[in-house]
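We have chain U already, so just place chain F on it with the hints.
Residue numbers (our numbering), protein chains in the order written: chain U, 1 to 490; chain F, 1 to 324.
Hints were generated in silico from the structure; no laboratory data involved.
Among the hints, erroneous ones may be present.
Stated by the list, open to error - Straight line, CA to CA, 27 Å or less: simulated BS3-like cross-link-like pairs of lysine-lysine:
id	chain 1	residue 1	chain 2	residue 2
1	U	K475	F	K91
2	U	K421	U	K441
3	U	K395	U	K408
4	U	K302	F	K91
5	U	K199	U	K233
6	U	K302	U	K475
7	F	K91	U	K282
8	U	K302	U	K233
9	F	K91	U	K468
10	U	K431	U	K199
What the hints assert, rightly or not - Label-pair restraints from in silico Cβ distances:
id	chain 1	residue 1	chain 2	residue 2	range
11	F	L116	U	D200	56 to 64 Å
12	F	R70	U	D200	51 to 59 Å
13	U	D94	F	F39	49 to 57 Å
14	F	Y57	U	A303	51 to 59 Å
15	F	L101	U	D299	32 to 40 Å
16	U	Q158	F	G76	23 to 31 Å
17	U	A323	F	T163	41 to 49 Å
18	U	D367	F	Y57	26 to 34 Å
19	F	P135	U	E81	42 to 50 Å
20	F	L102	U	L278	42 to 50 Å
21	F	G76	U	P160	35 to 43 Å
22	U	N466	F	H166	24 to 32 Å
23	U	D277	F	H166	53 to 61 Å
Don't be surprised by glycine CBs; every beta carbon is placed ideally from N, CA and C.
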Amino acid sequence: MRPIGRFRSSVAIASIVLVVSACSNSSSSPAASAAAPSAAAPSAAAPSAEASASAAASQAAGASAEPTPITGASCAANATEVKFWTSHTPPDSDALKHIVEAFNTANPDICVKMTTVPGAETDVAKLLTSIRGGVAPDVYMADRFTVPQRAAEGVLDQLPDGTINAADYEPFAYAETQFQGKTYAIPFDTDARALWFNKDLLQAAGCDLTKFDMSKGAATIADVTACADKVNKKDSSGNYDIMGWMPGGPGAGGNAGAFDQGWHYTWGFDYGGKFADLSACKVTPTDPGVVAGYQFLYDWAKAHDPQAVSRWVTTNLPPNPPAAQNPFWTGKLGMTISGDWRISEQAKYAPQGHYGFTFIPVPKAGDPTSTWAGGWSMALIPNSKAKDQAIKFMKFIAGTEGQTTYTKESTHLPTLLALQKDASLFDPAHKQFLDLLPTAKSRPPLAVGAAYWDALTSAMGSVELNTKQPMDALKEVETAVQPQLDSVGC
Amino acid sequence: MAVTPAAVGSVGTVRPARRRRFRRLGTLERRNLMWGLLFISPWLFGFIFFGIFPIIYTFYLSLTRYSGIRAPVFIGITNYQRMFADPLFWKATYNTLYYTLLAVPVGVVIAMVLALAMNRKVREVAVYRAVYYLPSILPVFVISFIFVVMLNPGYGIVNQALTALHLPSPNWLGDPAYTKIALVLIAQLGAGQFALVFLAGLRGVPQELYEASEIDGASTWQKFRSITIPFMTPIILYDLIIGLSFGLQVFTSAYILTGGGRTAAGADNSLLTYVFYLYKQAFQFGQMGYAAAMSVALFVISVALAAAVFRWARGWVFYAGEEA
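Next up, chain U with everything else stripped away, as it sits in the complex (with noise of 0.2 Å):
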């Protein structure tokens, strides 16, 4: 080759070497990025599981090192600083956000503040590496399903035997902050599911009402079923409009799981399943009771031509969907499987609708109701700087003064025994989510408890678009969890 050509095919490969590098988008060289799980770059491109506007605004500008609290604005410049993060977003982070300026103006030397941060149940990548890069918060937010696991890693703190009396607390909600023993988290709120359904759109197809009135127990998945196909309206393509209800999923964006709180534990119980043996330190998935379930998800969406039902939730329900959008505020759904934090919904997205709620559905008549309790927890997290004033916050917050707050905003329940009696907090609709406490089933506390929950999300995934029989789904979900529990313990 002429030596002008190689010349020239070397500035060509330099500048080549130059764009690709400049344009690149994925971190640094690719083996480098291949063999090391950096942490840097998930989180750096992740955006929060439920971006609301709001969030997503916070997130701009604390996309750098630390991000944007919004609260502590008025603090004196001496008060010790403790840093809150939760993942709710509005109107459940307005909520958290009036108790601690509550909490900030009642004690003058303590500076809370609070951030909302990306993350989710299950997904606590920023917590985690903000733990690792020594910028953690002091107090989290924490799903309390995940508290022993996150115990276990070593995510969560242990609290000072003492900080909370266990008679004080519903005994699930305190059995869920335990930990071989000690308490690593203090409980929260609570909630409870029911069927809600939009009155208009069930009367407009003929479905009988009565059948859903509380006081006479709860109605049959079958009943349920056949207004539901009522309601069912498919437009000129053949794809459906309007469904009258979504007992399971697909989830939001075709994704698997629940469309709304028709999650495997829901069902799972209503079938009369036990997920787990915490005396033998097993899962159970493969309990007939939960095989039930999933083979009544598996029967409907059979039923409904699982790809239909997908293109109605993908269509209706994109990935991280905005709530005053969600279908059945928008009248596009008849009936849907949900807590007790519709009610704060519909008065704002929805209050010309008219929407009730019963118990949700039962195989057979004449079996008992059942619904399932989850809620959150404050939680401590290690090598805090300021422990004894995050304590401080933590007992308010998740105590009497917190609670009290908390469920008058946000129309979730508290966990203390002592507030479920006050009558004051309630209106009648909430009060009713209220009375469905005492019979709730809660979900296993075990040290496995996200990795069993997204392996039961999986196999749903298969079940509803009929690509795996349940019984396999579960099976394979017992060989995927049960090594891990195995090691880590009860």
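Only chain F this time, still in chain U's reference frame:
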């Protein structure tokens, strides 16, 4: 510092420059070498601490159980045994390979088409080049967010266009058969980067060959197939290797399309790519050791695939300027 390889079997006693030890170098060369190293030392330190050290640490972590917070606990090859028995690992591998084998050839074709378009001798070619290149400067997560809206089966612009053309309009995100194709579509918006590289290659093709072939009566397709493509084969190989490397690490678009990977990874786990599963294991389940084992496995797979591509390339890559 020119490194001239000695001719094989030469009679002379000239030793190849690269084999000479440091102390055998002359003073001038030694000084030049030290200055050179000094100038690249910032990059060298960065590479060692942020490149080499994490790689070695990852190899070590793959033999431990580690949540990221407490000290790692040595458990030998348990992570690897668990990995091979894990159905989701195989699913993630299948998803990633499916995506890579689809996205990379398609990417090469589109980059070539774009480069040919950018190479046209029209007056406004600078405008066209900018327009074709612009989509690739958008970060992947921005494109993914936009595609989530565009791929909505009912209201999305893609399906509306398909319906208007009387083509089937699939359920992009809900149908496991189409989710990875959605990923491939998103990746093609980055074709502008490679198109630039292809453009540089196109400019390097000697014009005399085209003129000679026109005299012989070659058609456009024959010119393309017999002149352009052979000269472009090194660039195509480069695109294949880089595309393979990026394809095996696809994460951002899958993560965004599934709404942030809270629990699910697409319909029936069809968007669970390898690095996505690795991320879930590391950060959602606290299994850093297992994730490290997956990294090591990915490294091995990548090296094997790259070596295979290089071996295969010997058969069809033509380096102009080498002896035949």
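Practice task
Go through the numbered hints given earlier and state which of them the structure violates, listing their numbers in rising order.
Solution key: 17 and 18
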